[in-house]
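Protein sequence lines, in the order shown, are assigned to chains Y, A and P. First residue of the first sequence: 1, per the UniProt record's numbering; consecutive thereafter. First residue of the second sequence: 1, per the UniProt record's numbering; consecutive thereafter. First residue of the third sequence: 1, per the UniProt record's numbering; consecutive thereafter.
Since the hints were made in silico from the structure, they are not lab data. The reader is advised that the hints may include incorrect statements.
[Unchecked claim] Below are the DSS-like pairs computed for lysine-lysine, each with C-alpha atoms no more than 27 Å apart in a straight line:
1) P:K332 / A:K92
2) A:K87 / P:K331
3) P:K332 / A:K85
4) A:K142 / A:K87
5) Y:K92 / A:K331
6) P:K92 / Y:K332
7) Y:K332 / Y:K92
8) P:K362 / Y:K242
9) A:K332 / Y:K85
10) Y:K87 / A:K332
11) P:K332 / P:K92
12) Y:K332 / P:K87
13) A:K85 / P:K331
14) A:K290 / A:K244
15) P:K85 / Y:K332
16) Y:K85 / Y:K142
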Amino acid sequence: MTPCGDRGYYDCCTVQCGCSMSHVFDQLLVLFQDVHVMIFIGFGFLMTFLKRYGFSSVGLNLLLAAFALQWGLLVQGLWHLDEGKIKVSIFKMINADFSTATVLISFGAVLGKTSPVQLLIMTLLEITIFGINEHLVAEVLKANDVGASMIIHAFGAYFGLAVARMLYRPALGNGHENDGSVYHSDLFAMIGTVFLWMFWPSFNSAIAEPGADQLMAVTNTYFSLAACVLSAYAVSSLVEHKGKLDMVHIQNATLAGGVAVGTCADMNIGPFGAMIIGFVAGIVSTLGFKFLTPILASNLGIQDTCGVHNLHGMPGILGGIAGIVAVALGKKDGSAIMQAAALASSLGFALVGGAMTGLIMKLPFWGQPPDQNCFDDSIYWEVRT
Amino acid sequence: MTPCGDRGYYDCCTVQCGCSMSHVFDQLLVLFQDVHVMIFIGFGFLMTFLKRYGFSSVGLNLLLAAFALQWGLLVQGLWHLDEGKIKVSIFKMINADFSTATVLISFGAVLGKTSPVQLLIMTLLEITIFGINEHLVAEVLKANDVGASMIIHAFGAYFGLAVARMLYRPALGNGHENDGSVYHSDLFAMIGTVFLWMFWPSFNSAIAEPGADQLMAVTNTYFSLAACVLSAYAVSSLVEHKGKLDMVHIQNATLAGGVAVGTCADMNIGPFGAMIIGFVAGIVSTLGFKFLTPILASNLGIQDTCGVHNLHGMPGILGGIAGIVAVALGKKDGSAIMQAAALASSLGFALVGGAMTGLIMKLPFWGQPPDQNCFDDSIYWEVRT
Amino acid sequence: MTPCGDRGYYDCCTVQCGCSMSHVFDQLLVLFQDVHVMIFIGFGFLMTFLKRYGFSSVGLNLLLAAFALQWGLLVQGLWHLDEGKIKVSIFKMINADFSTATVLISFGAVLGKTSPVQLLIMTLLEITIFGINEHLVAEVLKANDVGASMIIHAFGAYFGLAVARMLYRPALGNGHENDGSVYHSDLFAMIGTVFLWMFWPSFNSAIAEPGADQLMAVTNTYFSLAACVLSAYAVSSLVEHKGKLDMVHIQNATLAGGVAVGTCADMNIGPFGAMIIGFVAGIVSTLGFKFLTPILASNLGIQDTCGVHNLHGMPGILGGIAGIVAVALGKKDGSAIMQAAALASSLGFALVGGAMTGLIMKLPFWGQPPDQNCFDDSIYWEVRT
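Construct the entire structure; sequences and hints are all you get.
Dropping the structure here:
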């Protein structure tokens, strides 16, 4: 099986059957569609949990993603000019969706507290900075990060947290009446959760080498997610009053296994290794929602609406560390030092880039909503009744 | 790559590998499933925006589509008898879903004002007339319409509008208390919007020639939709009070780019050409919802519940015109005159066929709901509470 | 086309093109994803119809399924050890989802009346017993059951009914205020219905022989489901007051055609044969909901919350009988006697296994909810407002 040209295209069949194009187009199109569903349905509905912010969650998600993928294709195309031209392929469309994911993760941190214009500015800047870090990690450091625990999840989370810190609103310290869910908004959010959960194996395998590596990325992610569900439910029940489950944990922490296994997804860690990663991620994420998010808000001034630190931040770092260990143990070719450098680079670009972006977003002419109109669709949408 | 037999089946691999069947079956099955999701989830939930008509929207959508695809396969089979038999293939199942789409578009125009029996009659007649026009356009005029801007979208919309004109209800001129949305019904509708948006590239490429043409149909549609989202949001904000967004525009106009790029989808118009088409479609569609729909209702007696004129009608015509221009510019083999004839044929069959169908539907024994029970599930469904 | 190794893997292309792995991985991955959507979205949301039990429906569905697929892979792996090891493949992951389906069907029978711990115990036992029966049917009796009418649907339903009988609650005989739907909960349930309906062809064809048999399984299921929708709507309208439709029938009975055609899906029964099976299944299922479910509850003490007897039980038996007839008529190689034995085995293991499991679940230390807290999320979940 000889890759030719763009990754994901093979000439083996071309020579012998003359029908490679349609077959390979196939495979990537399927993975692209799954990733696309995660971006537009998954992220969009996951954020509809707020009682009065559903229009913005799914609507601004659509706007930002449609803008981000065009900008992402452009930035990516400029990095990889082909005879002076930007060429498009399904593979590049997958990568554009990936860069979009970082923006949507950061969106979760500032959900309900920013205007559409602020978010479009964040998109422009974040995707540009993502492009620089991604180039550094993949091309210079040559680190492994097939499922992008570091360059998407950790990057997007800490970028968003840095923005949130810059946009700190002391008046929201005592909570806001709309910063919560109602029964049906929690059910809408579960649409997002379940689609993300189901298609995560496609996300982590989409840019893996076709064949055994890609198959492994699918199965490792599948096992990690399955184990993560069990630990997230168990811990949620343990930390809540009377052993009850909390919807916030179920909506989010059940997905941490997909994040955390990302870097190692195409490494030979075995089903058991994947399950350990997922199991730990479920615990860390649930505990983060319960204990860490309130501390970040009250002590550090980081108001993380969706708790992206628990779903993408800590599990992303966990994934980066797992990658360092796995490479050190020889589960994949590479250098543990370069893996560590990739993690540091992703965190550094995220925090510095996010802080700078937050400062720009804080300029007073972008229409940032006043405190009392936070978490409320009616400031940006015509809301009937 | 030599097509053999039915479009979409190849013998290149059969000869050399002996495994063509399963591979090609594959590719078409994937596209079929995406189109199927658009028909049943996309159209079904898009229409749930009405506050008290969700059961009928998604429920009658299922009934009509299940009936339409059987009738569509039959009509299609009678046109293309194979040794005196009707043969079934995934390709024909895709075409049956396509003919079903016309019915569901027309359903949108009369949503809330017709009985199930009336709708089944409309299905019978519309699919038959669709079959005649489709045969004329594809076989006689040999026009290009891979994504069916003309033969599905424009046809379905103007057919439905002609029916709506025949079924004009003066008493609804001042509005109806149930002809509107509530918060959660608008969120259900977004499920439909987003699934339609994500899978539209599959719709426009499903019957394209596999290989480069099909890949182009995917990417052109992808670019058109992305650009359309931006113009729909921008125009919605410009025309609404205080720069707010209107959910009706977001639910519908963001999809106009998929409609309008249909005819040109497999033509060599380039990403930039596709984006221009999508951008214009988003503007035209949003302006139509804001300014044209009220005029159609009050001046012409055309009460278009879902605004299909704005989502499918005008963007469909735009797509037909773009096809004429693109063929004239040599972006695809064909004749600009034949493209124009195909557009005229589609509009003519739609308006005449729709008017005749509307007259038949107006006969007094089909159980048409009285004015005061319009837009209300409880006339056809057991509604608890 | 020569299968090699695990079912679903071919060496034809390996020899000639060297690229079989990625192609075949493709095909199975696509079918796996469709089945996965049925398990997590389909079953999960189908059960959200209860007004106050949506968190548990979709949330416990996720927990049980994530647990069941791991346990199912383990049980399956122990039956089919490969050099002393349990090997994983996409094919085995599909089978794990299949064994999970039995648990989710049984979950429907006891929905709202059991604790998470009781359900986890049921999962452990049911998958083990499923594994025994599946081995008997497939390996010893060598019966056909490609879409698993008998070994999944009938088995899961009668297992759940036997459990429900053991857990009979006389106090619920007069109904419970939360044992019903509200408007929006019925719409959430339709998300489940429609995804199940659309992807059922993939379910019934996932483990068929690739090529003509698999294509036939897709088309037969497609025809059966389309016919079933028509009969379900017709009968629902006939048996309800004033010709109205009942959402319970539409949500469930429209799917009975997928169940009933399962055993015959890859047999040469023709589109017309498939449609007859689906048509009859829609009638039987709707009548069951209307007339049989109340009798089972009042006379036999079987309180079947979701009516799984009507969606999976009777249509599953119908599918088993159709399989006997089809094999007797030579539509597929096999023995009608062995088909009958397979049906009897599935029912026997289900009833005996379910009764035993129910007795164990009845032990007083699993946290079974008291009568007044049945069908209520707030006993296991933090519910805001």
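Verification of the supplied hints:
1. P:K332 / A:K92: Within the cut-off at roughly 25 Å; holds.
2. A:K87 / P:K331: Satisfied, since the Cα-Cα distance of roughly 18 Å is no more than 27 Å.
3. P:K332 / A:K85: Distance ~22 Å between K332 of chain P and K85 of chain A Cα, so the pair holds.
4. A:K142 / A:K87: Holds, because 23 Å separates the two Cα atoms, which is no more than 27 Å.
5. Y:K92 / A:K331: 24 Å, holds
6. P:K92 / Y:K332: Holds, at about 25 Å.
7. Y:K332 / Y:K92: 25 Å, holds
8. P:K362 / Y:K242: 22 Å, holds
9. A:K332 / Y:K85: Satisfied, since the Cα-Cα distance of roughly 22 Å is no more than 27 Å.
10. Y:K87 / A:K332: This hinted pair holds, its Cα atoms lying about 20 Å apart.
11. P:K332 / P:K92: Holds - the C-alpha atoms of K92 of chain P and K332 of chain P are around 25 Å apart, at most 27 Å.
12. Y:K332 / P:K87: 20 Å, holds
13. A:K85 / P:K331: 20 Å, holds
14. A:K290 / A:K244: Holds: K290 of chain A and K244 of chain A sit about 13 Å apart, inside 27 Å.
15. P:K85 / Y:K332: 22 Å, holds
16. Y:K85 / Y:K142: 25 Å, holds
In this structure, none of the earlier numbered hints is contradicted; all agree with it.
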